Structure formats: structure tokens, C-alpha cells
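Using the sequences and the hints, build the whole thing.
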Amino acid sequence: MTHGGGLLDGAKARLRWAAVHGLVRTVAKLGVRTGDPQAKLIADPATRANPKIIHQELRERGPLVKGKVAFLTVDHALIFDLLRSDDFRTVNQGSNMPAPMRLIEKRTRSGALHPLAPPSLLAVEPPSHTRYRKLVSSVFTARAVNKMRDGVQEVADTLLDELVASGASTVDIVPAYCAKLPVAVISDVLGVPASEQQRVLEFGELAAPSLDLGLTWPQFEEVEKGLRGFDAWLSAHIAELRKNPGDDLMSQLIDASEDGVYLNDEELRATAGLVLAAGFETTVNLLGSGIDLLVRNPDQLARLQEDPSLWANAIDEMLRLETPVQMTARVARHQVEMAGRTIDKGKIVVCALSGGNRDPKVFEDPDRFDVGRPNANKHLSFSGGRHFCLGAALARAESEVALRTLFDRFPNLTTVGAGTRRNTRVLHGYSSLPVSLGEPATVDA
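Its first residue numbered 22, the sequence shown is counted upward by one per residue in this note's numbering.
Any given hint might turn out to be false.
[What the hints assert, rightly or not] Computed spacing ranges between beta-carbons, pair by pair: (1) 187 with 429: 15 to 23 Å; (2) 137 with 35: 34 to 42 Å; (3) 183 with 437: 15 to 23 Å; (4) 453 with 214: 22 to 30 Å; (5) 137 with 281: 45 to 53 Å; (6) 131 with 362: 32 to 40 Å.
The set of hints was computed from the structure by calculation and includes no laboratory data.
Quantities reported herein were computed from a predicted structural model and do not represent experimental measurements.
Virtual Cβ for every residue (Gly too), placed ideally from N, Cα, C.
Now the structure itself:
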């Protein structure tokens, strides 16, 4: 029976992959040959390695470009307005596929929660979104984040102490520091004991490509494994917190209610999964990219070392220049006129956040890294409107503390080689970045 069930599950998974990703991969490869910009974003390795090429092409074609399947924009003002518009909604996984594919996707789901499927905050709209967000916001307050800052500093100091104690002169800074710090912080948020943190880290890494379209079959298998594993682990973890609540924010969220209505277990798991994805993935990517930017721009690092008050602005400049979440999409609720084009109901608009963050109409010399850039905080990296990232303040605080502490401890840190970028399209960062630490700075007694 188990064997037969396994065969059936395997066949369903194959069918689901074919409907959601296989067809997209095939169509996108054909689209690349004809120069379709959306196809290039999905299936062109050159575009993935250097998205500035497609951003420039789109910019030259106007504020809103029509592709074969979707509209695309890299226009900062247009993206800003669209993310706040009530004329558009978020995209649910599978909701805009042809009807036969949509039916296959629905009937072959594994049951594991997905960041682009309800009840994830990324996939719901008011009134459900309003209720979820209000409850989550009641826990993730500015006061709570400020209180966590001391904990971030403690984690950073401990991890760097371990690097010094190891005696290693060269380390891969991504797994050794960039990943360990945010997973420790998010584990505090979710009430995860230290013994379970490595498992949470592994789940996060497996599920990272879940925001991408056109996954290969091996990638899809890894994503499904990560989503199912994290979902099962979360169910047990939430049950334990219900029996033995702590002072962590997840325990508080379990106990939070709006007019006597609490989040159910599915909603809690979806929220916890999003907290992990947003709180971990955004930060680990930003830390790796930030280290690379500072090493490649020693003049900017020197400015920060001379004037530490610039660190907060520097983080916004890193978010602008190396956007951790490269793109998002919205669907027209009804026919909409925008930028001189008619967008029919149900049509998708892909917002290339990374392109908007380099819009020369907003950012002077947009490809230049400037830690003192006066309008660096005008970036679009945390989305906008009702879907503005709830963890933005925490991500900024984590990144500022982590990078400042790293370069204070190792002021002569340099990279060794080019590093390896993650094989994802929506999430942007390093999977590996070897560095030479240099002599650690002397710490005053």
C-alpha cells in the first residue's frame, strides 16, 4: 500500500511540475529565441547573470512593455503606484495558468503550504489580508524589533568569536556568517530551540527557489521536499508552543486575536513560513551582497569607518543596488488604463524591482555605490502599499549590525575569487563567497 501510494504521489508530483513549471520552461525557451523580455527573465542564463541588460532594453522601450504573456516595467514611478493600486491584486500560484493546467495544479497539490498560495500574506487580499496583517503587526512592533537589536549584536559577536577561535584565515562567509546570523535571529522570533536551528536553515535553503517559475525537475523536487518538511516541522512546533508557550513572538502570535478571532493552525504555519522566508532569505542575500560591495568599493568602506552614522543609509543603498527580491507581479482586477496602454482584466504586470531601483530618473548615476546617497531609501526592495514587508525594520537592523560588526572586527577583509551567485531568479544573492579575513582588529579590554 505504501509503495503504491509512493508511486501515485510521484506521478502526481511529475504532473504538477509539468503543469506549473515544465510548460513554462518550454514556452520560455521558445520566447528567448524571439526576444520576448519575460521569457529572457525566466530562461536566459545571460539575463539571469546580468539583469541590467534586460532592464536597459525595457527602459528604452517605454515605461510599460507588453510581452507575450505579461506586461513588464522597470519604471520606478509606475512600480511605486502599481504596488499601491487597488486596481491590482497579488498573484496566486497557478491562478493565471490556462484552465486545464490550473485544474491539474489544483488536483496534484502536495498539501504543503506555499508562499504564493493562500493563506500566505503574499497571496491574499483584504479582508483576509487586513486581519492577518493586523494580528502580525501587533506582534512585530517597532519596540519589539528594537529590543531584538541587542540579540542580533550578541549573535554577531559570538559568530565572529568562533571565526577567530577557529584560526582560519580564509572562510566561505555565506554559510559561516551570513546564513547563521539571520537564522539564529528568526529562530528567536519563531521560538526555535538552538538544537533545531540547523533543520530550519536546511528547510529554508531547500525552499528558496519556490518563488521562481520554470524550475527544473530536480529543483522542483528539492523545493517540494523543503516545503513539506518545513510544514510538518511547523505543525509539531506550533503544537508544542501551544502547550508550552515562551516569550518569543510566535507564542505571542498564537495568543493574539482580533475581536476574539485567532489565527488557525494553517494561518499560523503560513505566517511562520513567510517570516522565515522574508526574514532569512532577504537578510542572507543582503549580507553577502553587502560584503562584496564594500570590498569592491574600499573608498565607501572607508567612509563608513570614518563616519559610522552612515551605516543605516548604506544598508538602504545596498538594498537598492543589489535588490534581494528582484521582482514581483500583480494581476489586473478589471480593465485598467496605465502608461498609455490598456491592461485587460486578469493580465499580469511584472514589476522588476531591481530595475526600478536603478531608474536614472530617480537615482543619479544609478549603477554607482554611494553610501551617502541622499535618496537611497527611495528603493522599492521591500515592495509597497498593503504588501510592504513587515520585516523591513528587522532586516535593516540585522544587516546594519552584522556588517558593521564584521568590518569592525576584520577591517582588512578581502574576497577570494568571484564567489557563486544563487541559482534563483526572484531571490538574488550569493550561495558562496570565500573571503580572507586578515588580522582581526584589537579589541579594547
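Here's how the hints hold up against the structure:
Between residue 187 and residue 429, the C-beta spacing of about 19 Å keeps the proposed range 15 to 23 Å intact. For the pair residue 137 and residue 35, the supplied restraint of 34 to 42 Å is violated, since their beta-carbon distance comes to about 21 Å. Between residue 183 and residue 437, the C-beta spacing of about 20 Å keeps the proposed range 15 to 23 Å intact. Checked against the given bound of 22 to 30 Å, the beta carbons of residue 453 and residue 214, roughly 28 Å apart, stay inside it.
At about 30 Å, the CB distance of residue 137 to residue 281 disagrees with the hint of 45 to 53 Å. Take residue 131 and residue 362: their Cβ atoms lie about 38 Å apart, and the range 32 to 40 Å holds.
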